[in-house]
Structures are given as structure tokens and as C-alpha cells.
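Chains A, B and C are the protein sequences, given in the same order.
Start counting the first sequence at 1; every next residue gets the next number (this note's numbering).
Start counting the second sequence at 310; every next residue gets the next number (this note's numbering).
Start counting the third sequence at 484; every next residue gets the next number (this note's numbering).
Any given hint could turn out to be false.
What follows is a list of derived Cβ distance ranges for each label pair [unchecked claim]:
1. B/ARG426 with A/LEU274: 55 to 61 Å
2. A/LYS308 with B/MET447: 21 to 27 Å
3. A/TRP253 with B/LEU391: 49 to 55 Å
4. B/LEU465 with A/ALA217: 42 to 48 Å
5. B/ALA469 with A/VAL300: 51 to 57 Å
Below, a list of computed lysine to aspartate or glutamate pairs in the DMTMM-like style, where the Cα atoms sit at most 25 Å apart [to be verified]:
6. B/LYS446 with C/ASP538
7. A/LYS308 with A/ASP164
8. B/LYS446 with C/ASP572
These are calculated hints, taken from the structure and not from any lab test.
Cβ coordinates follow ideal geometry from the N, Cα and C atoms, glycine included.
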Amino acid sequence: MTVTGAPAWAVAPAAAALLALAFAGAVVDGALGGGARARSGGRWTRPLVETARLLRQRGRRTVAADGLLWRVGVAGPLVVALLMVVVVPVGGTVVADLPVGVVWFNAMDVSLWAVAWLAGWGPNSVGPLVGGYRFVAQALGYELPLMFALTAPAVAAASLDLGDVVAAQRGLWFAVWMPVAFAVFLASVAAFSMWGPFRAPVGADLAGGVLAEASGADRLLLLAGRYALLAAGAAVGAALFLGGGAGPWLPGWAWSLLKTVALLVVLVAVRRRLPVVRPQRVVRLGWLVALPAVLLQLLVVALVVVWKG
Amino acid sequence: MVPTVLFWLFAVVAVGSAVAVFRVDSMARATYALALSFVAVGASLLLLNLAYLGVVTILMMVMEMAVMAVFMIMFMMNPAGLMPMSMLHNQRAALVLSGGVFAALAAGALLVEWPERRGTVPDDPTRAAGDAVMGSKMLVMMGIGAVLFTTVVAALVLAAARSRYDRGPAGERP
Amino acid sequence: MTLELFLLLAAALFAVGLYGALSQQSVVMVMMGLEVMVAGVIVAAAAFWYFLAPDRPDGQVLVLVVVSAMTVEMAMGFAVVTLLFRASDADTTDAAAELRR
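Chain A extracted, bound-state conformation:
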């Protein structure tokens, strides 16, 4: 299966699909979450109710806020998630047929450093500021392992093009023989979405951290951005490690979607199953455990590639 680029208007359905996936993630999260803290409505309708509530909520203002940078930080996660998915092949098509899709994804997740920090800096308030710094500290821990985890499929496929990476998995998914890289990748997706064990930047001990001062539509954008990042990470993961649109009976796009949804559900489900890891421990884990492990994984992949010629 070869991957071809789509016309420019394809960015609109891609954005719609991303938002739908993000919403589905929120619904799954509401359904899985405990019912004790439900404000109103049933478990399945909770995201809808919350969206309506936030859209009507009056915006909160803080003293001497940096409005411009705050806006950038608030809109950033959603925009970055969209920029990530445009290079992901869905079945046989991709919105932007970039020859260096893997590096592009990496650049986008690095720009989350800036975006999350700005969302914390903007409101001029201590909780968000500490949250922003926590994100950067965590990012120093997970970024290097993530980079090498992304390198492994690229080395195996001998290409930085996500379409070529998908094509190289004909026969055997990379997730099967690169389990360490796959695990590190999933953990990093959770980390850059401030999710699960890596939710310290939005931790309850900071009254919500980066989210603390955001209200109304701003808060909605940030929350939607987190789910969209999870969905974008799942989409990239499906292409990098789970063979993209390859599969029997169903058409390619259906397989891409199915794998993405499966990964998304896994990511969403871990949220309340694991405790929050403190940022300094994330850095230690990243540098002392994940980095050596993923380097060994990369060595194995490189040896296999050389051996197979």
C-alpha cells in the first residue's frame, strides 16, 4: 500500500476527525471515571454537559496577566495536536505528505514545552506558573527517551516518512519486536498530554496547576487540547508501531481509525489506575531507566537491520 497526499481541503475533515476522537476520549474517560464527583448528568453525557457549562461560564481575569502569551498557551495544545495528525497516513492517504514526518512529530511535541509553559506563565498566578515549570522539568525527563523511541521505527524502515514506516510493517508490526520503544512512546504521549501518572503539571496539589486560572472557553480549549493530544499521539502510535492501515477485510482507513481508538482507550483508561509520579522522579526514571532501555532497543533494531541487509 502506497501513501499519497490529499488536496489541501482535506485538513478540514482531519480536524473534524481529531475533534471527534478527542470528544470520544472525553466520553470514555467520563464513563470509566468514578461517579462520586459527577456534577450533573449521566456518565456518558458528562463531556457534553461540561462543554455546555464552560461555554456559558464567565471568563475569570487575573491581575497583570500577559494576555497575548496566555492566549498562545491556551490555544496551543489543540493547534499542536492538529499539526501532528496532518502527517499521519490514514489508510492510503495523508493530508500533508511530508518526507520527514517523524521529525515533524518530534518538533511538534517539543513545541508543547513552550505552549505548556506559556499557559502557566500567562495568568500571572502561582499555581499555573509552578505547573508550567513542572511541565518543562518533566519534559527534560521524557524527551530524550521519546526521541530514541521515534528513531527505532525510522531506522527499521530506513525512512523518516510515516508512509514508508507504515509500508515497512507489512508482515510484522513494529510494536511486536520493539516493545520497549512502543512502551516509551506511549508513556511519552501520556506525559506530553499531562495525563495519568504524568499529570503533576495539572495536579490537584496546585489547585489544577496550568488549568487553575483558566475558565470558560479558555478552560474548554485546554481540556479539549489534552484529549486531542492523546488522540494525536494514538494516531501517530498506530502508524509508527501498529502497522497503520494494514489489516484484513476492512478498508485501510477503518483499520487506522480502529487502532487509533484502541490506543486512545488504553491511554485514557490508565488515568486513574496509576498514581501521580513527582516530576523529579520522572526525570530520574527517564534518564536512568527509560533512556538506557530505549538505547538498547535501538541497538537491537540496528543490529537486526544490518543482519537482514
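Chain A is fixed; fit chains B and C onto it per the hints.
Quick look at chains B and C alone, frame taken from chain A:
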């Protein structure tokens, strides 16, 4: 036509936000203005078929600026620009000198007879760069590797407060 | 798009960075100026590769070298600033004048 318009867009953004770096009061804004300038520089590399180098420039520089912002806030007296103050010296000389340098460089760019273009752009410039790095230019990259490793060690030695077993302020952990 | 246009962009970036590096007092701001200057060098190197000798990869390798030089500059700069600040509470170039001796 489209590349020319894009070039002018990127050029104006790159130079404009580079100027903004030294004009705004808020250090956070200065840092991210520089990040924007670098994003425009990376985008202009994309116009030259340098997909890999352009994206890598954006990646590196956004990361660098995110770290830079932490240091800027840490070391500057007025990080948020809420109390504007001048942190400049010999401004006039700097202005004259940089104006002169620009004039000289621009004159050189416009007046020099540039040679004819040799060869054509390869189909995949990324592959060409990769082949060079792993082949004819390998020595350069090995040199860079050694320099980067030395930098890591030297920066840690300079910046670490006391010894390698320090994990924070005195008394926190023996 | 011509070589001259790209070189003018590079010259403008270089000059802006030079102004910043010369006129700013804070060491960190001086480093920002240096970064802008190096950005100009990146543009010029890429333009020379594309417009003069695209058949050889030398220009691309030069860009890689320049980007690495930039990271070295950042890392060493921050290390020296941290050291200076710890040693003598100095965060401006004027306050660190004893380095001249």
C-alpha cells in the same frame, strides 16, 4: 510566485520578531519572539527543499527557547516587564556598528559576481545529507560528537554547586 | 527567490543580532543576540547550498555544524552565567568586568 510570497512572509516575520526580542520589556515575550524568529528561519529553509534541516532547526530552537525562558526569568531583574527599565549600554555605537555591518554584507551580497549553479537539487536532500554524514563527512560529525560530549562535561562542572553527590540544598539529603 | 534575497535576509538577521549582542547588558540577552547572528549564518549556508552547489552535501553539513555550535554556545553560556551569578551575584556583562583581566 507562491514561494516568493512565502519567502517575504517568513523574512518579515524572522527579522521583525528578531527586532522585537530587543524591544519588548517582558523577558517571556523576548524569548518567545526569538523562538518565532527561528520558526520563520526554519520555514524559509523548507522553501529551499531542506525539509529535514528546516524541521530540525525548528525543533532545536523551540526546545532551546523553552529552556532559555527559564534562565531569563531566573537571571533578569524584571522578568515580566511590569516595571520597564533600560538594560542597555553603548547603544549608539552598537547601532552604528551593526548598521555598518549590514551595509557591508548587503553590498557584498548584491555586488559579488556569484558563480554559476553547479548541478541540480537531489531528489531527496535528506538522504544526501545522511549519506554525507555517514560517509565523506563522517570525520566532521565525529568531531562534533567529541565537542558536544566535552560541552556536557564542562557545563556540568561549571554549573554544579559542589560535588557530584549533591542533590539539593545542604541538609536535604546527606 | 534568489540567492541575493536570502543573503539579504541573512545579513539583516546578523546585523540585528550584532546590535543586540553589543547593546544589551544582561549576559542572557547577549546570548540571545548571538543566537540571532547564528540564525543569519544558517540562512546563508542553506542558501549557498541551494543556489550554488546543490549537487554536493557540504552546505547541508555546514548547517548541521552551525546548529551544533549554537547548542554548545547555549550550554556553555548558561553554565558560565550560573557560575558567575553564584560567585559574585553578577548577571550583567559590566558586573563581570574582572573576566577581562
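Hint by hint, here is what the structure shows:
1. B/ARG426 with A/LEU274: 55 to 61 Å: holds (57 Å)
2. A/LYS308 with B/MET447: 21 to 27 Å: Check passed, 23 Å falls within 21 to 27 Å.
3. A/TRP253 with B/LEU391: 49 to 55 Å: At 52 Å between Cβs, range holds.
4. B/LEU465 with A/ALA217: 42 to 48 Å: With Cβ atoms ~44 Å apart, the hint holds.
5. B/ALA469 with A/VAL300: 51 to 57 Å: With a Cβ separation near 34 Å, B/ALA469 and A/VAL300 fall outside 51 to 57 Å, so the hint is violated.
6. B/LYS446 with C/ASP538: holds (15 Å)
7. A/LYS308 with A/ASP164: holds (18 Å)
8. B/LYS446 with C/ASP572: Judged against 25 Å, a Cα distance of about 44 Å means the pair is violated.
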